[in-house]
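Novice: Top to bottom, those sequences are chains A and B. Per my numbering, residue -10 is the first one in the first sequence, and the count goes up by one each step. Per my numbering, residue 248 is the first one in the second sequence, and the count goes up by one each step.
Where hints are given, some of them may not hold.
As the list claims (entries may be wrong) - Keeping only pairs whose Cα atoms sit at most 20 Å apart, straight-line, the calculated EDC-like set for lysine to aspartate or glutamate is:
| # | chain 1 | residue 1 | chain 2 | residue 2 |
| --- | --- | --- | --- | --- |
| 1 | B | Lys361 | A | Asp106 |
| 2 | B | Lys361 | A | Glu177 |
| 3 | B | Lys361 | A | Glu4 |
| 4 | B | Lys361 | A | Glu121 |
Worth flagging that the hints you see were computed from the coordinates, not collected in a lab.
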Amino acid sequence: MGFGGSESYGRDPGEAPVTIKILIAGGFGAGKTTLVGSVTEIRALRTEEPLSGPGAYVDSLDGVERKSTTTVAMDFGRITIRDNLVIYLFGTPGQERFWFMWDELASGALGAVVLADTRRLADCFPSVDFFERRRLPFTVAVNCFDGARRYHPEDVRAALDLDPVVPVILCDVRQRSSARDVLVALIEHALQGLQRARAAGTNV
Amino acid sequence: MAEEDRWLDEEAGPVVRPYALTRGRTRPTGETLDLIALVTAVRGAEVDPVGLDPEHLALLAMCRLPASVADLASELDLPLGVVQILLADLRVRSLISVHHPTPPAQMPDPRILKEVADGLRRL
């Protein structure tokens, strides 16, 4: 439950703990939960969100009298790299009606994995759009489902009209090593982005 | 189907009143704590239980060691928004301290990400 071990935490009071947030996005059934479960124990996070119909979040909130709430269950998992350095993976709720939660989720995130299923590639368009607009580093992970036609990563890149620096990787997220490689690719992509930004002397 | 029912299917879950615990408040006092903010009970703080619910006290017990907001909400099995409000109550009373996550762009040393990648490879 506690962050780090009870012994180790506080051994070096000068070192601040670092928590890193990574989002796992993609369409329904693209393998978000499977990816998280391949690398760590899956835990559930409940949210209760006010819900008053599709217009409520774009219109003024005045006059929203018939507000009700909905439960959204989110998967998350924790990977401890070492004491005081922990990664949190959050599966983003894919359905469009939960999009109002994404801003809070994406705030302060290091980056995102967008899982793509080539049988339903269009399902990941909204996630790609969202992260591009937020300028959040992301990697597209093409989950190779049994029986699905295999595509070359460059074909997927072209179909999604991705920036050349965005990594596109084929994966099978049921495999721990494959899920892990996807995360490593994202971290390296994010690191390169930070280094580029620093070299250019700009803030991202 | 009425317009307002259109978005409430089985996946949306039951329509309930989860904010009874927060006495109807749907926003925390002060800023909303990030999912990965670390919360620690202040050692030796005098806890006056008046005005605190069992859930407040449970949270205090759970964060004797630093714990993330996500972990606390999951462990307590209460909605995230409710836990964020309860934690804000504890914070106002100076019963917890909060360590905010550093935004990636402001990390003092981005090489920490290299350590993360190396750590993941060892998984």
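Novice: Compare the structure with each hint and give your call.
Specialist: Hint by hint, here is what the structure shows:
Under the criterion of a C-alpha separation no larger than 20 Å, the hint pairing Lys361 of chain B with Asp106 of chain A is inconsistent with the structure, at around 29 Å. Distance check on the hinted pair: Lys361 of chain B and Glu177 of chain A sit about 7 Å apart at the alpha-carbon level, within 20 Å; holds. For the hint linking Lys361 of chain B to Glu4 of chain A, the alpha-carbon distance of about 18 Å falls within 20 Å, and the restraint holds. Simply put, Lys361 of chain B and Glu121 of chain A have alpha-carbon atoms about 23 Å apart, too far for the 20 Å limit, and the pair is violated.
Hint check: violations occur at hints 1 and 4; the rest are consistent with the structure.
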